[in-house]
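Given chain A's structure and the hints, the job is docking chain B onto it.
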Amino acid sequence: MLSIEGLYKRFGDKEVIKGLNFHVPKNSIYGFVGTNGAGKTTTMKMVLGLLAADAGTILVDGERVTYGNTDTNRGIGYLPDVPEFYSFLTTREYLALCGKICGLSDKTTKTRSEELLKRVGLAGEKHRIKGFSRGMKQRLGIAQALINRPKLLICDEPTSALDPVGRKEILDILKEVREETTVLFSTHILSDVERICTDVAFLKDGVIALEGNIDQVRTLKNNGEFLVETLSPTGAEALCAHFPKAKASDAQTVTFTGNDDEMLSVMAFLSENNIPVLKVERAETSLEDLFMEVTKHE
Amino acid sequence: MNNVLFAWIRKEFTDVWRNGRLIIFLIVCFGIGLMNPITAKLTPMLIEMMQDQMKEMGIVYDPPTITALTSWEQFAKNIWIPLLVFVLMFGNIFTKEYGAHTLTPMVTKGLKKTTVLWGKAFLLILLWTAGYTVYFGVTLMYTEYYWGTEAELMGRVWDMTAMFYLYSLFILTLLVFFSVLWREYSGVLVSMAAILGAEMIFGMIPKVTKVLPGRISSPGLLLQKGYEERYEYALRDFAVPFAVTLAVIVTLFVLSAILMKRKSVD
Numbered sequence: 001m002l003s004i005e006g007l008y009k010r011f012g013d014k015e016v017i018k019g020l021n022f023h024v025p026k027n028s029i030y031g032f033v034g035t036n037g038a039g040k041t042t043t044m045k046m047v048l049g050l051l052a053a054d055a056g057t058i059l060v061d062g063e064r065v066t067y068g069n070t071d072t073n074r075g076i077g078y079l080p081d082v083p084e085f086y087s088f089l090t091t092r093e094y095l096a097l098c099g100k101i102c103g104l105s106d107k108t109t110k111t112r113s114e115e116l117l118k119r120v121g122l123a124g125e126k127h128r129i130k131g132f133s134r135g136m137k138q139r140l141g142i143a144q145a146l147i148n149r150p151k152l153l154i155c156d157e158p159t160s161a162l163d164p165v166g167r168k169e170i171l172d173i174l175k176e177v178r179e180e181t182t183v184l185f186s187t188h189i190l191s192d193v194e195r196i197c198t199d200v201a202f203l204k205d206g207v208i209a210l211e212g213n214i215d216q217v218r219t220l221k222n223n224g225e226f227l228v229e230t231l232s233p234t235g236a237e238a239l240c241a242h243f244p245k246a247k248a249s250d251a252q253t254v255t256f257t258g259n260d261d262e263m264l265s266v267m268a269f270l271s272e273n274n275i276p277v278l279k280v281e282r283a284e285t286s287l288e289d290l291f292m293e294v295t296k297h298e
Numbered sequence: 001m002n003n004v005l006f007a008w009i010r011k012e013f014t015d016v017w018r019n020g021r022l023i024i025f026l027i028v029c030f031g032i033g034l035m036n037p038i039t040a041k042l043t044p045m046l047i048e049m050m051q052d053q054m055k056e057m058g059i060v061y062d063p064p065t066i067t068a069l070t071s072w073e074q075f076a077k078n079i080w081i082p083l084l085v086f087v088l089m090f091g092n093i094f095t096k097e098y099g100a101h102t103l104t105p106m107v108t109k110g111l112k113k114t115t116v117l118w119g120k121a122f123l124l125i126l127l128w129t130a131g132y133t134v135y136f137g138v139t140l141m142y143t144e145y146y147w148g149t150e151a152e153l154m155g156r157v158w159d160m161t162a163m164f165y166l167y168s169l170f171i172l173t174l175l176v177f178f179s180v181l182w183r184e185y186s187g188v189l190v191s192m193a194a195i196l197g198a199e200m201i202f203g204m205i206p207k208v209t210k211v212l213p214g215r216i217s218s219p220g221l222l223l224q225k226g227y228e229e230r231y232e233y234a235l236r237d238f239a240v241p242f243a244v245t246l247a248v249i250v251t252l253f254v255l256s257a258i259l260m261k262r263k264s265v266d
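From first to last, the protein sequence lines stand for chains A and B.
So in my numbering, spot 277 of the first sequence is number 277, and the numbers just go up one at a time.
So in my numbering, spot 15 of the second sequence is number 15, and the numbers just go up one at a time.
This is chain A alone, in the form it adopts within the complex (with noise of 0.2 Å):
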């Protein structure tokens, strides 16, 4: 759906991105994952056609996005991280000025808005949009970004700022619309891109540092590490006696290194010997900690 090919951007003497390369798969929502001042901002406002790229390309859906006013917009919803609307306007005569520059007859335009409006929580709101809440116009800038259907969403930051039950109904509103739209997902977040990403990318010092499917992400740096707990010591003895390579963590737990097959002749074991068990647990590798091994300053 989007792909980026030795993308480059500089600000004066700081080289921001750094020969960028990654690829959105159709209907997925991709976590552009870094640290603050990373980049991700910069390469999403050179997705949308708002910055100039020094060098690289950019295509979207095979279409190449071009500084200035691209065509390739017109297929893209955008939400900035702090979405700001005309406060003189209500939300209905908002979406219907975004359909008319969206080139939507006005009876498509009204009633996308009522099925939007109504997706995001805002059906019943008449008033004019001066004094919203920060997640009322976060919602309403989902709301204006689906407005055309795009086939690729562009959300930089969208939860950053939100308290938890704001943050719990965008993520919401997001993993519902991947049914109709790719996601592409800015975020410093790790926790919202585990709860609802598909794939991910982490972006370091101007270069992808690891990028794709999010399980296999996870096991890309899993050293299949799996522990047992037992219900007394005298398990966790029996086990490391009969497993050399075994490792006790404590007096009840004992942790193997090993793949499914190691796994299976522990829990024989167990089972032959009646070694009653506590838990049999694989380690799994959390994002958190791949973030960090990946981010961190050598």
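Hint data in this document are derived by calculation from the structure and do not stem from the laboratory.
Mixed in with the good hints, there may be bad ones.
[Unchecked claim] Among chain B residues calculated to face chain A with C-beta under 10 Å, some are: (1) V4; (2) A7; (3) W8; (4) K11; (5) H101; (6) T108; (7) T115; (8) A162; (9) K207; (10) K210; (11) R262.
In this text, all values refer to a predicted model and were calculated from it rather than measured experimentally.
C-beta: ideal position from N, C-alpha, C; glycine also.
Positioned in the frame of chain A, the structure of chain B alone reads:
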């Protein structure tokens, strides 16, 4: 007019209508327009009231004869006030959007930046024309009511009004151009002041002043004695700066459109 441009102008109009600025501006224009004939009407009465006091001080002053010309002279003298009020009230029409980032969702939906430019420029011209019409209309109505303007003078009043209208369009074009160039309203105002200041300085050179737009900024000249006799000559006197102003307006609009396409409105 295409649908998007029309929708954009309607949004701009809704803004000035709902926040009350349009009504306030029209009331100000009405008030200043009314002041011209009223000041002319009240001046002899005020002088008469002060006659005794002035006599004691040894000043002998005959009350002037007030005619329609006096009212139109006031009109010419105050003609800058509505324009100044307009620039201060509506001059941030571009820059407030840059600061608030309200254009970002619009542009990322495919709204052409030139549509933003033409829509805002059109609204500025429309609002100013409305205010200027009120200013002129009120002065005309009361001047006709009190004195009646003879045909020859009325001809000169029309010329004077049209001439200053063109000059006001030059000011609006400067406003649009600098609003495309800068992100801050202060930058726009300072640049406009600098241009007008430079025009005043160059205006001191007799040969240069004859071609500068500033020449048509003082249309009251057309009402002065002397111009009556050599009116045709006077109009020719204004023809060159008139043409220069038109050319500058067109050039600035073309430059604004070119720059707007490259401008970061985010």
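Is the hint on W8 of chain B kept, meaning its closest Cβ partner in chain A is under 10 Å away? Hint on W8 of chain B: holds, closest Cβ of chain A at ~8 Å, below 10 Å.
So, A162 of chain B near chain A? Judge it on the closest CB pair being under 10 Å. 34 Å, violated
Tell me if the interface restraint on K11 of chain B is satisfied: Cβ within less than 10 Å of some Cβ in chain A. Result: holds, 6 Å to nearest chain A Cβ.
Satisfaction of the T115 of chain B interface hint, Cβ to chain A closer than 10 Å: 9 Å, holds
Close enough to count: is the Cβ of H101 of chain B nearer than 10 Å to one in chain A? Check passed: Cβ of H101 of chain B comes within 5 Å of chain A, closer than 10 Å.
Is the shortest C-beta separation between R262 of chain B and chain A less than 10 Å? 6 Å, holds
Min Cβ distance, K210 of chain B to chain A: is it shorter than 10 Å? 41 Å, violated
Closest C-beta approach of A7 of chain B to chain A relative to 10 Å, hint status: 4 Å, holds
Identify whether the interface hint at V4 of chain B stands, where standing means a beta carbon of chain A within less than 10 Å of its own. 6 Å, holds
Would the stated hint for T108 of chain B survive a check requiring a Cβ distance to chain A of less than 10 Å? 4 Å, holds
Interface hint outcome for K207 of chain B [beta carbon to chain A under 10 Å]: Nearest chain A Cβ about 43 Å off; hint violated.
Figure legend: structure checked against the earlier numbered hints; hints not met, in rising order: 8, 9 and 10.
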